[in-house]
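Engineer: Top line first, the protein sequences correspond to chains A and B.
The numbering of the first sequence is my numbering, which starts it at 13 and goes up by one.
The numbering of the second sequence is my numbering, which starts it at 13 and goes up by one.
Quick caveat, the hints were computed from the structure, so don't treat them as lab data.
Fair warning: this is a prediction, and the values are worked out from it, not measured in the lab.
Hints should not be assumed to be uniformly reliable.
Same chains, same names: a pair is fine if it fits in one copy or spans any two.
As the list claims (entries may be wrong) - Subject to a maximum C-alpha distance of 20 Å in a straight line, what follows is the list of computed EDC-like cross-link-like pairs (lysine to aspartate or glutamate): (1) Lys93 x Asp79; (2) Lys86 x Glu137; (3) Lys93 x Asp116.
There are 2 protein chains.
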Amino acid sequence: MFVPEFAWSLDPKLAGTLPVGDFAVSRLLLTNDVNYPWLVLVPRRPAVVELIDLQANEQTQLLAEVDATARALKAITGCDKLNIAMLGNQVSQFPVHVIARFRDDAAWPLPVWGAVPPLPYQAAERDRLVSSLRQRLDIAPDTGH
Amino acid sequence: MFVPEFAWSLDPKLAGTLPVGDFAVSRLLLTNDVNYPWLVLVPRRPAVVELIDLQANEQTQLLAEVDATARALKAITGCDKLNIAMLGNQVSQFPVHVIARFRDDAAWPLPVWGAVPPLPYQAAERDRLVSSLRQRLDIAPDTGH
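Extracted from the complex, chain A is given alone in its bound form (with noise of 0.2 Å):
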């Protein structure tokens, strides 16, 4: 059995981040950063801040998102490499970032933290890379409905 999601709501510090929809356990966003295709899975779980927080089932329920993410960013992009990071040391969530790589990207061979500005999407090319991850994932934005 799942927690509930009572009193859960995504961190502000991720505001600026695009929503691609909601897993079972996670939301799934994209940064809003055209020098990486990056997305971000949350646990919709309060107070979880550590993977040790998450129990065994939420973890591998978690994994599974991850590995689907990560298949469907690395399909849609052709990435060289997949990047997944679990860091949060700047948020009271936990944030699992999946980051699609390649060796001439703004950072390479290096984490792109602190690499270089994040630079906004275009409109276009945001909702063409939003629209295949849900047709490939098949999920939504939870529309509270």
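With the hints as your guide, set chain B onto chain A.
Structural biologist: Only chain B this time, still in chain A's reference frame:
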């Protein structure tokens, strides 16, 4: 069933790390950098460079090994935050970093990569940490016997 370890050996780029012990799927290593208590798990599987290269049962086992490692590292160090990352842009394998972070460490709140040059452990401090980890995780290096 797990894929046999046939033909696996540690990427030479990870040779500067210190062996802690072997889990069922991964080898646990200590990064020789006293700036942060920094562990690395490397699945002992040939040709695995991405999470999505592992079968689902091996992903789940690796997650359990990461969870145990993270719990042990937090208990031993009393760290403020755990950072867990799968980058692997510069090695031919799939290293999972598990790093104990403190609000007064050399890179906080940024990720550790590239922040400050590594500073090797003194032997006594290194041995104490490796010994604590082996005891708490009940693992030892594979001596080939």
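Engineer: At most 20 Å between alpha carbons: which applies to Lys93 and Asp79, within, between, both or neither?
Structural biologist: within (14 Å within a copy, 24 Å between copies)
Engineer: Checking an output row: Lys93 and Asp116, CA cutoff 20 Å. Within, between, both or neither?
Structural biologist: within (11 Å within a copy, 32 Å between copies)
Engineer: Are the CA atoms of Lys86 and Glu137 at most 20 Å apart within a copy, between copies, both, or neither?
Structural biologist: Within one copy only: 17 Å inside a chain, 42 Å across chains, cut-off 20 Å.
Hint violations for this structure: none, all hints satisfied.
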